[in-house]
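**Student:** Could you put together the complete structure from these sequences and hints?
Chains as they are written, first to last, in our numbering: chain A, 1 to 574; chain B, 575 to 1148; chain C, 1149 to 1432; chain D, 1433 to 1716.
The set of hints was computed from the structure by calculation and includes no laboratory data. Remember, it's a predicted structure, so these values are computed and weren't measured experimentally. Mixed in with the good hints there might be a few duds.
Covered by chain A, according to a simulated footprint, are these stretches of chain C (three or more residues, beta-carbon under 8 Å) [stated by the list, open to error]: (1) 1191-1198; (2) 1213-1223; (3) 1231-1237; (4) 1418-1429.
Backbone N, C-alpha and C define an ideal beta-carbon position, used for all residues, glycine too.
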Amino acid sequence: MPQSDLVIRLGGEGGEGVISASDMFTAGAARAGYDIFTFRTYPAEIKGGHAWYQIRIGKGKVGSLGDAPDILVCFNQEAYEIHKDQLRDGGVLVYDPDQVKPEANGHNHKHYPVPMTAIAKQQDFMRGKNLILLGALCQLFGLEPAELEGVVRSRLARRAELLQKNLESLQIGYDFAKQNLVKDDPYYLPHIQKREGTLVMSGNEAIVAGALYAGCRFFAGYPITPASDIMEAMARELPKLGGVMLQAEDEMAAASMVVGASYGGVKAMTATSGPGYTLMAEVTGLAGMSEIPLVIVDAQRSGPSTGMPTKLEQSDLNHALFGGHGDFPRVVIAPGSVEDCFRQIVRAFNIAWKYQVPVIFLSDQSLSHRTESLQAPDLSTIPVYEREAPTAEDLAHYARYKITPSGISPMAIPGEKNGMFVSAGLEHDEYGHPDLDADNHVAMTLKRFRKLDTLRAELEQEPLPLHGDPNASLVVVGWGASEGAILEAVDRANAKGIPTVSLHLRVLNPLPENQLRPFFAGKKILVVEHNYSGQLARHLRATLGIVTVNVNKFGGLPFTAGEILARIEEEARG
Amino acid sequence: MPQSDLVIRLGGEGGEGVISASDMFTAGAARAGYDIFTFRTYPAEIKGGHAWYQIRIGKGKVGSLGDAPDILVCFNQEAYEIHKDQLRDGGVLVYDPDQVKPEANGHNHKHYPVPMTAIAKQQDFMRGKNLILLGALCQLFGLEPAELEGVVRSRLARRAELLQKNLESLQIGYDFAKQNLVKDDPYYLPHIQKREGTLVMSGNEAIVAGALYAGCRFFAGYPITPASDIMEAMARELPKLGGVMLQAEDEMAAASMVVGASYGGVKAMTATSGPGYTLMAEVTGLAGMSEIPLVIVDAQRSGPSTGMPTKLEQSDLNHALFGGHGDFPRVVIAPGSVEDCFRQIVRAFNIAWKYQVPVIFLSDQSLSHRTESLQAPDLSTIPVYEREAPTAEDLAHYARYKITPSGISPMAIPGEKNGMFVSAGLEHDEYGHPDLDADNHVAMTLKRFRKLDTLRAELEQEPLPLHGDPNASLVVVGWGASEGAILEAVDRANAKGIPTVSLHLRVLNPLPENQLRPFFAGKKILVVEHNYSGQLARHLRATLGIVTVNVNKFGGLPFTAGEILARIEEEARG
Amino acid sequence: MVEVAPAPLTMKDYRSEVKPVWCPGCGDFAVLSATYKAMARLGLRREDTVVVSGIGCSSRLPYFVKTYGMHTLHGRALPVATGLKLARPDLSVFVFGGDGDLFSIGAGHTPHGAARDIDLTVICMDNSTYGLTKGQTSPTSPLGRKTKSTPYGAVVQPLSPVLLALAFGAGWVGRAYSAKPKQLEDLIVEAYNHKGFSFLHVESPCTEFNNTYNYFDALVQDLPEDHDPTDREAAIRLALTEEKVNLGVFYRDDSRQDYRSKIDAWTANRGQPFDPVAYLQQYA
Amino acid sequence: MVEVAPAPLTMKDYRSEVKPVWCPGCGDFAVLSATYKAMARLGLRREDTVVVSGIGCSSRLPYFVKTYGMHTLHGRALPVATGLKLARPDLSVFVFGGDGDLFSIGAGHTPHGAARDIDLTVICMDNSTYGLTKGQTSPTSPLGRKTKSTPYGAVVQPLSPVLLALAFGAGWVGRAYSAKPKQLEDLIVEAYNHKGFSFLHVESPCTEFNNTYNYFDALVQDLPEDHDPTDREAAIRLALTEEKVNLGVFYRDDSRQDYRSKIDAWTANRGQPFDPVAYLQQYA
Ligand SMILES: Cc1ncc(C[n+]2csc(CCOP(=O)(O)OP(=O)(O)O)c2C)c(N)n1
Ligand SMILES: Cc1ncc(C[n+]2csc(CCOP(=O)(O)OP(=O)(O)O)c2C)c(N)n1
Ligand code: SF4
Ligand code: SF4
Ligand SMILES: [Mg+2]
Ligand SMILES: [Mg+2]
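**Tutor:** This is the structure:
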């Protein structure tokens, strides 16, 4: 069977080139027209410690990082020890023989030593080490070195001398492999044709692009892994667009600033990760109470507390749904892929502005930094909404918090002559005046929550995001970054004759209950999550009264399709 | 039928004596040996605005504020307008005829004008106004004026001249009523015998007493209604006991200080209300992760955001259960009455110290400030636990976060020579050293949550807190301040031939699932809560897979027994 | 059609339909009234003005002013106002807060607000107590004071809002007193006219829990005539050593560029429209 | 049995089994090593010493010290240490934090820590950047600096930790530099010996994202010989006007009563046992 894709894992000391070599190889493959999907994990240490990177390169959409790697590239002995047992049977080991002493193995692994350090030393250009390796990889697995050359050229465009030396190293690595290594494995990149319009982006990059497209012109944030580069990109881009990005003194300030900007009528957002998001709960409540649009991206990482800052987890859903005192409406959205980051962040802005509610966008560490290839989105299918502004009639006797059937009250912004009002975190009447009367609180609470009902009705119009066999009695429910792995597992299950369907939810609150109830009826429901407690499963049980089978993984690494498939098979048997 | 209790409501302008007159009447009744139960509600305004106070005075335990008042005392016209429709058929209106012009009424209300302002003016002692009223009330409803005299004496012990004038006013009021009002209603206080050992306390006072009994010697807080007086009492009491109370700069600091003290081996707590509690979520996560005992009292008020600071609501349960990023164990406890505040806060400390977890104690605005009469608790039935200290064997090679079957690891405190360790909010190994390995995170997560399993097993040993007919198929589940009203409603339902049982949960997390599942099986389950969204009901549904009927009230005022009874009757019919 | 210039607004025009809820004699009345007058003198367009506050007695103020307003969270008025002013530089933005709001729970935002130098007019209504929560100590309460939270007397040295604002780098710092309403009004006008972050400290007694009128009446004085308000060092020295309570402008730096001027200077081509297709092409 | 006095501890005894994870050349190594030495000189009992930190590169320090320690939350080291020290006055409590930790997210706690004057030794490891999150601006970053979060240059004036600590009322304030390890060690010893809140500002360069060794090498100098460290006004003036970076003790007030002394003075009969029956009787 010809390979439709290749899975390559590179491991070594953080800061020693593993990540940058992997990035370049990925970029080269993408230039050549392959679809790519990457995953990276950093050490806890500030510098050093073990880092690894996995690249899946394929023809046609690859939505997950694959199962066992076909190829393992080890920069040092530690990497070898950590990963050797995961290399697939018959897989390929590429290594620096001066750093790694592989054992004889019982798995038919093919060994290719590439003495990158020694060759670099010989060339008297130690920084060429990675390029030597990359050259060898091109030769071994059939990637045109011209593509990598292109990558090197664009990265070092302004440093002619360095560029020359790098290109030489690349060539030397290529030649070394050609002359010294006897290719004796089945792993080759498939043949493809270059396509137009393919983008290679990370989740964080897609969030920034989508937010700008949705009209975001103000951003305030506070650095935190893995969300910081959203802030950094905004710092670069917003000023060009007449917008402002401000690094706040903490996350409470950042979210408060967004509320201020948003009250001023400017679309605004912040981005953070768990610890920062926890600190934003009070501001989220204020936005809910005073009906100010607020978009918060939480790029989840492994918790609780400081937890494992560089590791994947989906354990902030509970806080997104329920964090903060009191009952107030909020919307929770989670993207399933890099492309979906773009689409869903636009949706987040649309909902925040149309419904004047806080919207929590739950990304996660793997989506933040993984790169995927995707087709440039067709923007004509992605509308952008604005707030409902008061009409002249509304303004004749303007009531900011007017009680309406939809729950939505037209929102005036400063500058509007007859729209003056005080936005209030204190309970208030329709005019925004303090009012602690029992009937008023009841009416206002109902009004605020009615917005979620209106939104729910809107969401019910969308078809459920299903994949696989819609008549299957086994459904795999997931959210967030694991979409690709789940889809792949479902495809494989169906191919194996196990009828399976997946439901990958984007809007986690409110839920399209009218569709979900009949859909779930009579089905066995697996809920796949990267957390200990099964937060989405709990939400579904409480909301819909269903019974769930929880499939949880929470060590900080992503599900593989194979792991999910195994659970599907188990449940299909059981 | 002779009345077994009287319900008196007093209403008027805040700061104009309604609250203090009510307090004195309550104290007088309690001195006389009656059981009392009070409820008060303040205006939103800093000064002024409408305030009212309800006193239920009875013989034998009164656990709720009663249904419609028997007696309504109006200080001004506004009070009359607001409350007149709630006065029971045939009830009594007492009012100042210079302030209030009552309408002719169709409810057979009996009207007693007491020109308290005019008489006070005549006496040239305006401050005596309230005492005149109180004297009249004594005469009208049969409270010994000697009891009120006692109250006045103890309050003004050190101000002889004022005392004398006050006592005169009391007598004048008494005489006025005797001479001018023709008693023509059935409302009299029942005859009773003085009892020994009765205490009259508010919920906040009981929390302070219980915390001190449990060994609390450090308190840090930040003012907030309705929790401030816990802090203020601690400021008075702790220094005497060699402890410390510190007013922090905010709630994050307050909770952090408690964590610091607790790490030092000193039992510590903080108390706040919703907005402050929301800000403590990050610190709660730290306590969960680094396994430091933490007790937080959240005296809930009406939310969201600043909401209605002086009004009752039970809408912080979601945040208590789920606030904060990441999965970490926490315990949630809610007291049902003033006496229960004492018992449950001791339990909160016991659990926090035995299990090294954060414990959230959900009180609420009505419990905080209502007064109840209660028998002094039998302290021999209320044990106090301490942390599990490391043994000599443990200390030989001390592992602070040792993985044990119970999940509990012996806790060393500074000063212990061989116990040195670094407490960590970062994921860590058994020794507290940073460790971001997947297997370690899994093992540590399981260990931390195992503590809840161990606790759950302990809780399963306690009988369920049931009241009423244990075989009834209708169960009323409640939590917090509404206990008295629920018990009364259940008694009345059973008396009416509707078999009903109540389950008033104290520990809301973890739940004694093994007992609850069979108990709930086949029952109709009403969940009575002071919130919009049915937070406990949701928790029960998600945890136990049951179906609930939600009974919610969320205007800021407490349930009456009658309201709950009406829902019981409705469901029994339906 | 001939456009008729609207009649200038008077102080009454800035009064909203909501009645102040403060206790009789509360210093905050004077601040409110001076604010009305200052706004009228400044000729502020009501619809282009936003009054932002936190939570506290003092923070109720926005409800009583007929402009746009935000009653936010305890301690967060400054960051909210920062976001608003950055997003809408065309607006006039005022921040009102108590001593607790700006120097206790909001203490982390005040230094950054000042250092950032965004064009906000910040008015701290200092009553040296927590009024709304009924009289606990605040960051400006004097040593030894007995309150509900310090029954044996306060042991923490008070913070000086003026000294701190100066140390944080505020470009305009002044002090007023509720019982000197004309000066208060003048100082609000002057604070507003300063381009950049201006901080006005107002001694505004709480008649209910900390009635300090007599205390201040005896202690206030105008700043020494020879004080040079452009000399930051001198201003700090004054704030540090004052035994009397000085009123007036401690410091004023008219030469500085505020935040907005600086960011506007960054890029000549600010305000291009967003071209999503071109933007996405960088990832091709 | 004859008690043998234990041999005094040496710097090595304070080294834990955890290897520092900082980048080569990071200024924090010098702070750690000076801390070991200072502890040895002070003869601190390891089991009676607690090192508390927040989150950041610098805040990893407790793991490397063989005493008790707490690695807490970003910005909250000071309140955690405050609670610990108040509950356990017998312990020696150190606080280590970065410039972000103590002056950005923790900026609200630092003034109150200083004003309260609890006996803590606070060491701010200032690298004028956010090291752990890879190089954004921090509250002490200079104007104009280009970082990941300020690609067009920083527009916010830096805060001066020394000036702020002085303005907040800290009783001991000093500054050291990682490349002057002996002075650093001496100052840690001196800061510790001050009874009350002491604040040591350490310029501790981040070789990875903000390598300022050359910059500081050229700028540091010892405080002028004639500086009187008991003169707060002079200390503030120095901190305000410095063009060079002064090292040494800016301010020291040996005469003050710290928080503990004050509260111990309140009530003669502190430390009675709790009598629950008598306590409850007040409600009878
Ligand atoms: C997070 C939070 N904590 C506490 C409170 C309670 N609270 C309301 S106002 C206030 C302080 C009031 O003092 P100050 O800011 O000086 O204003 P003042 O009332 O004195 O004008 C407090 C503690 C709150 N609303 N929110
Ligand atoms: C609430 C929260 N927000 C953000 C972060 C991410 N974070 C970790 S350390 C840090 C700042 C580090 O700067 P600094 O305090 O100066 O320490 P340094 O690393 O420079 O020593 C940040 C923003 C966090 N851990 N928690
Ligand atoms: S409590 Fe004090 S600050 Fe608040 S309104 Fe009354 S007098 Fe003013
Ligand atoms: S990033 Fe900077 S501060 Fe952090 S360890 Fe490296 S050199 Fe030190
Ligand atoms: Mg105040
Ligand atoms: Mg730093």
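**Student:** Which hint numbers does the structure go against, in order from smallest to largest?
**Tutor:** Result: no hint breaks.
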